[in-house]
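Engineer: So you can see what is in the structure, the chains are spelled out below.
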Amino acid sequence: MAQDSGTRTLISQAQLRRGPGRAIYWTLLAVVIIGFTLVFLGPLYWMVTGALKSGQEIAQTPPSLFPQEPQWQNYADAWNNLALAKLLFNTFYYATGAVLFQLVFDTAAAYSLSKLRPIFGNAILGLMLATLMIPAMVLIVPQYVTVIDLPILHISLLDSPFAIWLPLVANAFNIFLLKRFFDSIPEDLMAAALMDGATPLRTLWSIILPMSRPILGVVSIFAVTAVWKDFLWPKLVMPSPETRTVSVGIYAFAGGTPMNVVIAASVIAAIPTVIIFLIFQRNIMSGLTTGGLKG
Amino acid sequence: MAITSAPGATRAAGRPAPSPPPGQRRTSLGRKLRDNLTGHAFLIGAVLCFAVFSWYPMIRGIVMSFQRTRRGETTWVGWDNYLRILDDPSFWTAWKNTFYFTLLALILGYAVPFFVAILLNEFRHAKGYLRILVYLPVMLPPASALFLFKFYAYDPSDAGLFNAILKALGLPTSQWMQSPDMTMPAMVIASTWMNMGSAVLIYLAALQNIPGELYEAAELDGAGIWRRILHVTIPQTRLILALLAMLQIVATMQLFIEPLILANGAGAEDSATSVAYLIYQHGFFQNDLNGAAALGVIMLVVLAGFSAVYLRLTAKQD
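Sequence lines, in order, name chains S and C. Going by this note's numbering, the first residue of the first sequence is number 1, and it counts up by one from there. Going by this note's numbering, the first residue of the second sequence is number 1, and it counts up by one from there.
Treat the hints with care, as some may be off.
Among chain S residues calculated to face chain C with C-beta under 10 Å, some are [claimed, not checked]:
#1 I33
#2 P63
#3 V104
#4 P135
#5 V145
#6 H154
#7 L189
#8 T199
#9 L204
In short, the hints are calculated from the structure, not lab data. Idealized CB from N, CA, C, for every residue including glycine.
Next up, chain S with everything else stripped away, as it sits in the complex (with noise of 0.2 Å):
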């Protein structure tokens, strides 16, 4: 599209345009569009049209391409027998608190480590980015047993939000991008704030903030999927029905319920994000694509 025709990538824009390249173009990009249509929409159709059908539809051959009737009850013992409007409520609540903790405390962390390079800095980043080459099922058997006991207080995390916000906190790949980007603002900039005798706190609020804008909504992307996607640290810190995720919740309930309801409630379970993505896609792909990480 025009905005893009400054940009040179692989393959040059004279030869899309001529004679047997542009042919080439356009039958590749309708095999992509459609190839791709069927691979990750596909999917989400059946899941949609499949929770409609009845047991018994679901078993024949070859399997049918829309409903013959219906089943909206389907959907509706999902959302009554999952109570899944407090499961998806929890799991808002507990991505909403992650988005915060991470962009404070993690934003605080690599701005330091950027721009005020305290002694040691260089130390803490190291033991911060070794965790990266920790999986985290490592640590799951020695992090449970600090959350149930945590040291010198002595308290127990469970069903307590902060098992979930605070652990993410401690997150590498997030300080190693936020770092990398504060690394790119101009030096200059942090002089001259100094002069005017802005204090470091003033500089990050009013200059490297405002500058930062695209890794930050990567951050809160991260962040928010980290929650979503996360299965088994939250079923093991959150046991108790009432402070469920949704996908812990629906596995809780997957064994005694008919399959049909089940694939309901997933789908249920999934249309909050899928909304959340296509209202925020533009700020989510403009800041993965053009403000994160530089080769």
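Given chain S, put chain C in place with the hints provided.
Structural biologist: Frame of chain S; chain C shown alone:
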């Protein structure tokens, strides 16, 4: 979202900051101390979280693996936990399965997103639409996506989505999760479908930072598309490629929710049991937290071996 910081910017822009009164100079030592304290004040929140939920559990995991807690009493037992874990007949199966998954996931889940990103980067039309499509599954709760695969796609009868497609194409159908041979490929397909969106977008970002002149120059030198990918695209995105390879191995070694949901844990003839699932079994079902900690340490050592090899390989390239 990101917008939260915007108002601060506009408010602060026009207002001149007060300049420091003259004659209030500190000694350079005092100033240094103060600057360091400020720096650490900004760090403290994250550092505390790392300390309590990451660094300390790491040490505690190693300590726990040499202890045994019974009826509230903790004693040192040396290598007993490790010996017990090695004795578990599922131990070797779990490792075999996990390595197999990691390998398949590297082939499918690592190469595919990179080439998808290269392809998407070339299109001048429908860019937004294609990106939304690829990223959409990432936004689904993994349990939702896996139930979809379990009940609809991997239905072993001819009513299942995949079998219906195979049949329509005249290909032999599969038992999917009920066939020990297909368990792992089926889990990799589901896992890649769910997760590849983020990798694609991260690669796209890296691709957009490649200066166009490099392609221009390569083309003038007569380099075709493949040579341009090999000599421009890959070297220019080397750092991101290396980083994501590392993260991918760390992620696939933790294979857990796929066997739990798709295969109800162990799967047909133990074909789905993963090391992570075994940790979960020992820690939270067999009341053997110490054994689970030992298994975690073994996983860590294996991974350290991996990264040592990996570092050597990447160092050679440079």
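Engineer: Each hint needs a verdict: does it hold in this structure or not?
Structural biologist: Evaluated hints:
no. : hint : verdict
1   : I33  : holds, 6 Å
2   : P63  : holds, 5 Å
3   : V104 : holds, 7 Å
4   : P135 : holds, 5 Å
5   : V145 : holds, 7 Å
6   : H154 : violated, 13 Å
7   : L189 : violated, 13 Å
8   : T199 : holds, 8 Å
9   : L204 : holds, 8 Å
Going down the numbered hints, you'll see the structure goes against 6 and 7, while the others check out.
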